Amino acid sequence: MEIALAILTGLLAAAGAYLLLERNLFRILLGLALIAQAANLLVFSAVGLRGLTTPIIKKGATALEEGHPDPLAQALVLTAIVISFGVLAFCLTLLKKAHRRSRESDITSLSVADS
Amino acid sequence: MTDPATIVLPILLPLLCGGLLLFFRTRARVQRAGLVISMALNLVGAVILFSRVNRREEPIALNMGGWEVPVGIGFYADLLAAIMILVTAIIAMAGALYALGDIGQTIWKKNYAFFFVLLITGINGAFLTQDLFNLFVWFEVMLIASFAMMILGRRRHTYEGALKYVALNMTSSFFFLSGLGILYGKVGSLNLDNIATVLATSNTDPLILTSAALLLMAFGIKAGVFPLF
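Respectively, the protein sequence lines represent chains F and X.
Numbered as in the numbering used here, the first sequence ends at 1450 without a single skipped number.
Numbered as in the numbering used here, the second sequence ends at 279 without a single skipped number.
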């Protein structure tokens, strides 16, 4: 399971980096989305994948028993997903506005003098 | 007001003012006055926090909701954090006064003041938090406010700059996220104090070095080390 997730994370990050280096703005955005997923998967699996049990602290105990998945990593990923979703939505609007303004989707066509 | 309660002032005051400002978005004069008032309140909060921290022997710490460290998210203000908050508040006050003369009428009506205040809230939060993931969240608060402020002007080159800035910063945010994820997997805590204690003894593990490289890259990009402007 860890191996499969590691390969998937690597593939997502590689595809994301490839798309990020393109000149087409929409592909850059897709690249960001893929890298976001890669980062989320990495956080999710970095903590270790342990069992399919529910991580609830037993009555009277003060800590989680061994062998349970770490619920904090999942909470982190959830927050990160929400954040990346929000920023990506912002990016899409930005892209649409930039596109409407210039009718171009090539990032170099947007530049005026700056490089 | 007790000492631990003063630590939330630099976040609560600007955030409350920002929320109020949203109700008056069409009235430029209210927005202008509101921005100056919120930054003045922020400055007052920063001065109170600084004087309290300065007077005490040990730093101020507050755990949200009363949850203790391994579970809860803590706020922590030592003298350095208090000084940074104070410096931010002074610069923000100066910036707000400058904005009164520099920012045009139409931009005030696009919630300029709200984003300004949100930006300052994010910076204050980043200085005060004791939790690595919480730091990431405050960075994002700061970034989204700066993204929004960048495109208020709406000239042609605005979009080019904004798209590059957003793409770069998102990439660096994901480096940051990966770095802290790996670190959490290895150390088992996100509390900066705990991480420092663990890393003081074992810091040659390949995973920890990887996460250090990722975090260095993330903060480097955010600090403008790369790309070289």
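Hint data in this document are derived by calculation from the structure and do not stem from the laboratory.
What you are looking at is a predicted structure, and each value in this text was computed from that prediction instead of being measured.
Glycine is no exception: its CB is placed at the ideal position from the N, C-alpha and C atoms.
One should not assume that every hint holds.
If you want the ones that stay clear, here's a sample from chain X, every Cβ over 10 angstroms from chain F, calculated [to be verified]:
# : residue
1 : E190
2 : A212
3 : L242
Simulated crosslink set (DSS-like; lysine-lysine; CA at most 27 angstroms straight-line) [claimed, not checked]:
# : chain 1 : residue 1 : chain 2 : residue 2
4 : X       : K160      : X       : K214
5 : X       : K236      : F       : K1431
6 : X       : K160      : F       : K1431
7 : X       : K236      : X       : K159
Selected chain F positions facing chain X (Cβ under 7 angstroms, derived; list incomplete) [claimed, not checked]:
#  : residue
8  : A1341
9  : A1374
10 : L1376
11 : L1377
Evaluated hints:
1. E190: The claim is violated: E190 of chain X sits with its nearest Cβ about 5 angstroms from chain F, within 10 angstroms.
2. A212: violated (6 angstroms)
3. L242: holds (15 angstroms)
4. X:K160 / X:K214: With a Cα-Cα distance of about 22 angstroms, the restraint between K160 of chain X and K214 of chain X holds, given a limit of 27 angstroms.
5. X:K236 / F:K1431: With Cα atoms ~41 angstroms apart, K236 of chain X and K1431 of chain F exceed 27 angstroms; violated.
6. X:K160 / F:K1431: holds (19 angstroms)
7. X:K236 / X:K159: Distance of about 48 angstroms is beyond 27 angstroms: violated.
8. A1341: violated (12 angstroms)
9. A1374: Check passed: Cβ of A1374 of chain F comes within 4 angstroms of chain X, closer than 7 angstroms.
10. L1376: Hint violated; L1376 of chain F Cβ to chain X Cβ min 9 angstroms, cut 7 angstroms.
11. L1377: holds (5 angstroms)
Checked against the numbered hints above, the structure violates hints 1, 2, 5, 7, 8 and 10; every other hint is satisfied.
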